[in-house]
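S.K.: Sequence:
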Amino acid sequence: MSTTNPKLFNFFEDVYAVVRLIPKGRVTSYGAIAAYLGAKGSSRMVGWAMNGAHNVKPKVPAQRVVNRNGLLTGKHHFGPSDEMEKLLLKDGVKVENDKVVNFAKVFWDPMVELSIED
DNA sequence: CGATTGACGTACG
DNA sequence: TCGTACGCCAATC
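Per our numbering, the first sequence starts with residue 1, numbered consecutively.
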């Protein structure tokens with residue numbers, strides 16, 4: 001905690017907040033969240049924030065967050081290798097070959113959905 | 001305290 | 001089109 005200032009630590013909370021705002025049947029990418037928070041180049045921090053997504057309450061639907069290719073890169077972090085796919089499928093998101101089907105169609109961009117401009 | 005890693009993404013050849 | 005390099009910042013070794 002000494003290396004992490006409370007103010008900067010809020011970045012993680014923002015990530016969790018945005019992820020929780022993801023509608024059912026939709027997915028987004030780490031970079032999209034990072035860009036929305038103004039940390040476009042810090043996409044890794046989003047992924048690192050998700051690392052604690054299981055530890056926060058209410059739990060964060062991290063399964064709705066995939067990489068830019070729509071690939072379920074973090075599925076291994078859910079425990080069972082098919083847990084993430086199962087959660088997405090339950091949300092109505094089809095997953096095939098560890099990848100989101102119609103990714104562009106189910107893609108939920110916080111920059112647009114949350115209306116950055118008027 | 002320095003080096004390495006990591007659920008990413010972009011740039012370059 | 002594909003592979004490699006680098007940046008980003010925090011946590012871990």
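Among the hints, erroneous ones may be present.
Subject to a maximum C-alpha distance of 25 Å in a straight line, what follows is the list of computed SDA-like cross-link-like pairs (lysine to any residue) [claimed, not checked]:
#, residue 1, residue 2
1, 57, 73
2, 24, 78
3, 90, 102
4, 90, 41
5, 90, 113
6, 86, 115
7, 99, 35
8, 40, 92
9, 24, 12
10, 57, 45
11, 40, 83
12, 57, 77
13, 59, 79
14, 57, 102
15, 57, 96
16, 94, 105
17, 40, 90
18, 57, 76
19, 94, 42
20, 57, 104
21, 94, 25
22, 90, 104
23, 59, 90
24, 24, 83
25, 59, 78
26, 24, 115
27, 94, 74
28, 99, 87
29, 59, 74
30, 99, 112
31, 99, 10
32, 86, 40
33, 105, 56
34, 90, 70
35, 59, 17
36, 40, 79
37, 57, 69
38, 105, 57
39, 57, 87
In short, the hints are calculated from the structure, not lab data.
Keep in mind that this is a model prediction, so the values were computed, not measured.
S.K.: The structure should be examined with respect to each hint, and the outcome stated for every one.
M.R.: Hint check results:
no.	hint	verdict
1	57 x 73	holds (23 Å)
2	24 x 78	holds (18 Å)
3	90 x 102	holds (16 Å)
4	90 x 41	violated (32 Å)
5	90 x 113	holds (22 Å)
6	86 x 115	violated (30 Å)
7	99 x 35	holds (22 Å)
8	40 x 92	violated (28 Å)
9	24 x 12	holds (21 Å)
10	57 x 45	holds (19 Å)
11	40 x 83	violated (29 Å)
12	57 x 77	holds (17 Å)
13	59 x 79	holds (15 Å)
14	57 x 102	violated (30 Å)
15	57 x 96	violated (29 Å)
16	94 x 105	holds (11 Å)
17	40 x 90	violated (30 Å)
18	57 x 76	holds (21 Å)
19	94 x 42	violated (28 Å)
20	57 x 104	violated (29 Å)
21	94 x 25	holds (9 Å)
22	90 x 104	holds (19 Å)
23	59 x 90	holds (16 Å)
24	24 x 83	holds (17 Å)
25	59 x 78	holds (12 Å)
26	24 x 115	holds (19 Å)
27	94 x 74	holds (16 Å)
28	99 x 87	holds (13 Å)
29	59 x 74	holds (16 Å)
30	99 x 112	holds (23 Å)
31	99 x 10	violated (30 Å)
32	86 x 40	violated (29 Å)
33	105 x 56	violated (29 Å)
34	90 x 70	holds (17 Å)
35	59 x 17	holds (11 Å)
36	40 x 79	violated (29 Å)
37	57 x 69	violated (28 Å)
38	105 x 57	violated (29 Å)
39	57 x 87	holds (18 Å)
Consistency with the previously given hints fails for numbers 4, 6, 8, 11, 14, 15, 17, 19, 20, 31, 32, 33, 36, 37 and 38, ordered from lowest to highest.
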